[in-house]
Amino acid sequence: AAGTINDFPDYSYRGAMLDVSRHFFGVNDVKQFIEYLAYYKMNVLHLHLSDDQGWRIEIKSWPDLANHGGSTQVGGGRGGYYTQEQYTDIVKYARDRYITIVPEIDMPGHTNAALASYPELNCNGKATELYTGTDVGFSTLCTSKDITYKFIDDVVRELSEMTPGPYIHIGGDESHATKIEDYIPFINRVQEIVTSHGKQVLGWDEIALATLKPNSVAQHWANLSNAEKAVSQGAKILMSPAVNAYLDMQYDSTSPLGLHWAAYIEVDKAYNWDPASLVPGLGKENIIGIEAPLWSETVTNLDEIEYLVFPRLPGYAEIGWTPSSMRNWEEYKFRLAKHEKWFNAMGINFYKSPTVPWDESK
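The working numbering applies: residue 3 is where the sequence shown begins, and numbers increase by one.
The hints are simulated quantities; they were obtained by calculation from the structure and are not laboratory data.
Nothing here was measured: the structure is a model prediction, and the numbers come from that model.
Among these hints, one or two may not hold up.
Have a look at the derived ranges for each label pair, beta carbon to beta carbon [to be verified]:
no. : residue 1 : residue 2 : range
1   : N330      : P121      : 54 to 64 Å
2   : T256      : N303      : 37 to 47 Å
3   : N126      : F345      : 44 to 54 Å
4   : K354      : G200      : 41 to 51 Å
5   : K340      : I7        : 15 to 25 Å
6   : G285      : K340      : 25 to 35 Å
7   : T85       : G349      : 41 to 51 Å
8   : I7        : S146      : 54 to 64 Å
9   : P187      : N346      : 16 to 26 Å
10  : A265      : F345      : 19 to 29 Å
11  : G349      : N126      : 22 to 32 Å
12  : E131      : I7        : 51 to 61 Å
The C-beta atom is built at its ideal place from N, Cα and C for all residues, glycine as well.
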């Protein structure tokens, strides 16, 4: 008997982010993460390649970024970085599985690894010390120096040449050390640099404080008014609300890994939200998709990644694929329970959430 399967995704961008800056993860770990995304029909991996604690991609025109800036991580470990050949290999591995890599270089804040590597990027001309803590908001590129924009142009050019996907992510979040009157022209100028290399800008929702280009995308993580500002400028939104979609949030107060500054996110809470009804006045037509970010302050290896990712990831995949009118937790939880066999067969270190009827699926 012949039949027709009519199945297509609700959103075109269905992704996750891996922070390889706070703690570094090698090529094989990233490839395993890609496998998990591909299994659930997710099609984007956003790599957070730079932060205060580490610079993780070789830039040939600024070699000390990786050599010095990549030499440590949270807690003082040895860190690491991807050579351009390794990054290209990751991109190809992802592409072979229909996954697009979105590289992020965070700026003007979250830049201590770069500031420690090149003194000229600091307003006082002095290199900072390498940083292995977990504070945020204390670093900034010197937005008034021409060399800063030469640096950004070189980094974006080299990254763009290795990245076939449409986006370069410019960060833009938590730039508390950058005055707003400096931040706005900086973001405007960086958008010009990115588009000059044939790429679209993605940035955290703070970039909506600047004048967004029509094809720029703001990634909503915290501030609803920033998402509204982006849409009012004609920009699209990528939905990653920390209270619903952050993979590094603890499941509950007893979780051994993760943080809880945004929320505790049990498996049912991770599933029970609709991207198109979170922001007043923001509808489906304004949203390109969803992304579940995994920040790595507390995560040091693949086992720990798996514990925070599973079993929440399948829910994020379903939010991206299935219209909200067809999603129902009471039905979904039984389907999710059946994945325990796959988790076990794959040796995945998953969290056995009490919200899921695991035993009833056997």
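Results for each hint:
Distance hint check: the CB atoms of N330 and P121 are about 57 Å apart, consistent with the given range 54 to 64 Å. At roughly 21 Å, the beta-carbon separation of T256 and N303 lies outside the given 37 to 47 Å, and the hint is violated. Range check, N126 to F345: Cβ separation about 51 Å, and the 44 to 54 Å hint holds. Taken as a hint, the range 41 to 51 Å holds for the pair K354 and G200, whose Cβ atoms sit roughly 46 Å apart.
With their beta carbons about 20 Å apart, K340 and I7 fall inside the hinted range of 15 to 25 Å. Distance hint check for G285 and K340: the Cβ-Cβ separation is about 33 Å, which falls inside the suggested range of 25 to 35 Å. Take T85 and G349: their Cβ atoms lie about 29 Å apart, and the range 41 to 51 Å is violated. For I7 and S146, the Cβ-Cβ distance of about 57 Å falls inside the hinted range of 54 to 64 Å, so the restraint holds.
At about 54 Å, the CB distance of P187 to N346 disagrees with the hint of 16 to 26 Å. Evaluation of the 19 to 29 Å hint for A265 and F345 yields a pass: the beta carbon distance comes to about 24 Å. Separated by about 50 Å at the C-beta atoms, G349 and N126 break the suggested range of 22 to 32 Å. The hinted range of 51 to 61 Å is satisfied by E131 and I7, whose Cβ atoms lie roughly 57 Å apart.
The earlier numbered hints that this structure contradicts are 2, 7, 9 and 11.
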